[in-house]
Amino acid sequence: MVHIWPIGGGKGGSGKSFLTSSLGRLLAGLGKKTLLVDLDLGSANLHTLVDVPYPEKSFSDFIRKKIPLLEDVVSETPVPNLYIISGAHDNLDIANLPYEQKVKILKAIARLDYDWILLDLGAGTSFNTLDFFLISQNSMFITTPEPTSIENVYRLVRAIYFRRIRHYFNATDFKALEEEVLRQFGEGSFNNPDCIMEVIKEAHPEKNLLLENDFNSFKFKLVLNQLRKHDNIALGSQICKIIEKHLGLQVDFAGNIAFDDRVHDAICQRVSFLDRYPYTRTAYDLRELSKRIAQFTGQQLLIRYT
Amino acid sequence: MKKDFAKLNYYEMLDIKPDAAFFEIRHAYNAALQIYEADSLVSYSFFSREERKEILNLLEKAYSTLINGKGRKNYDNQLMQTGVLASPGNKAAARKPACIYDVKRQSGTTVLPKNNKAALRANVAQNKRINEILSKDEISGADLKAIRNELGVAIEKIASETRIRMDYLIGMEENKIDRLPAVAFLKGFVKSYLKCLCVEPVEGICARYIEGLARMGKNNETGVF
Ligand SMILES: Nc1ncnc2c1ncn2[C@@H]1O[C@H](COP(=O)(O)OP(=O)(O)OP(=O)(O)O)[C@@H](O)[C@H]1O
Ligand SMILES: [Mg+2]
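Residue numbers (our numbering), protein chains in the order written: chain A, 163 to 468; chain B, 158 to 382.
Don't read these hints as lab results, they were simulated from the structure.
One or more of the hints may lead you astray.
Covered stretches of chain A, going by a simulated chain B footprint (3 or more residues, C-beta under 8 angstroms) [to be verified]:
#, stretch
1, 312-318
2, 366-378
3, 392-403
These figures come from a predicted structure and were not determined experimentally.
Glycine residues also receive a C-beta, built at the ideal position from the N, C-alpha and C atoms.
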């Protein structure tokens, strides 16, 4: 079974690409056939982190139909078992992908034959990005211990929630739902999934059950990256607690990754941080995280397109 | 889904068990403050100023009530009167003093006593409506639902006991052919469902249910069967 892990959240520079590449290296090192997919189109740089400086093929070849099969866009990396679909050369933004193309990509990804597929989704929360999160019951949000980055995690969680609700309604019913929510809760309330669910519970009990079932099956993970010595180590679990208590959604805290200046050095020298500095706290944290996520399982493809 | 903080009871607000010791209450209160205080990194962007103020007020009230022996007793009595807390049982308490209260979870989880299989079986045997349904040639999803309702078992309970996905259970009860899995799986699901309700004979009832669905499927031209 393929395990697909969408990775995103936080904001620019929180370390999504660094973590994606590190986890990829570690999973590949466990003998798992692992594929990294750079979906942060527009600012793709995952290839650089796995030492593929000049990728010959990229996502745009598939999107622009130059290469018909997604598996033919995959490049090897110098690391055994580790493969990449690069997003380099794409001046596309994932937010602007037309619907048909998005569906085509989602389906193609789900059909790829790898043990692990890690999707670097960047920091966006466009509808398209959200749909890539919903491809799998597993997802990983990366944040740093800064209020701006944490704020984006809350925004992302709410947005995914909202997006899933939208999935069960056609345009007319959704419009009606919006009107009802606004009528009951007043202006601005349609941005608040809590209010929406309240109305759904009353008006569409069957959809409410399906949604609750979905929300219960999500296995979101939160990783706190770039934690410095004086930072609060309980921050990650507190964030998860607040999400559970006030949004009713479960996000599990998956671990802290220590800050280390040498990450920067390794990236500049384009060498693997894990290989160059294996005895650092950060490398230890990364290995622990990879072991933990290797145990998690979850079903794929919540979204079924008809 | 919505968890309105003001609707939680004090124990839930502080995330503690109803039999928490005083030091646990104090500890829980401090932990909550860390999360909800104005300068907390965790909640800074989560609440508006008013929401935060309301939550802090509630926490304060919860803490000051529970940390005070008399106040706590009064509050516990209130909870028992509204049925949120079970009253300490006379006999059980004598043998097992450690945990005397049990927070009853909200709706949907009609908790059946552990040893309920025998009781269920007796209910099935005595219930007239159920016996009428069971004597029919064809059994529909609505019949399954009716049986379940007669027995007062929540669908969530079946979901958690059988681990069958909720949407399948609903699909089964509502004869939604397009939502159901392939027949081979469906048979297994129906049987677990029946076993969970202690309705027998499992094989026979399941066969009659599948037959009913097959006939419906033919009429609707859905190609599932
Ligand atoms: N644990 C860490 N310790 C120290 N520095 C780190 C750590 N993680 C990431 N960094 C630094 O943060 C920089 C940005 O990381 P990265 O490119 O992975 O972020 P990103 O989230 O992918 O950003 P974007 O959203 O722009 O794609 C890295 O170049 C690295 O220097
Ligand atoms: Mg990146």
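* Asked: Do at least three Cβ atoms from the stretch 312-318 of chain A come closer than 8 angstroms to Cβ atoms of chain B?
  -> holds (count 3)
* Closer than 8 angstroms, Cβ to Cβ, for at least three residues: run that test on the stretch 392-403 of chain A against chain B and report holds or violated. => holds (count 6)
* Mind taking a look at whether chain B covers the stretch 366-378 of chain A? Criterion is 3 or more residues with CB to CB distance under 8 angstroms. => Contact hint for the stretch 366-378 of chain A vs chain B: holds, 7 residues under 8 angstroms.
Every hint, counting from the list given before, is met by this structure.
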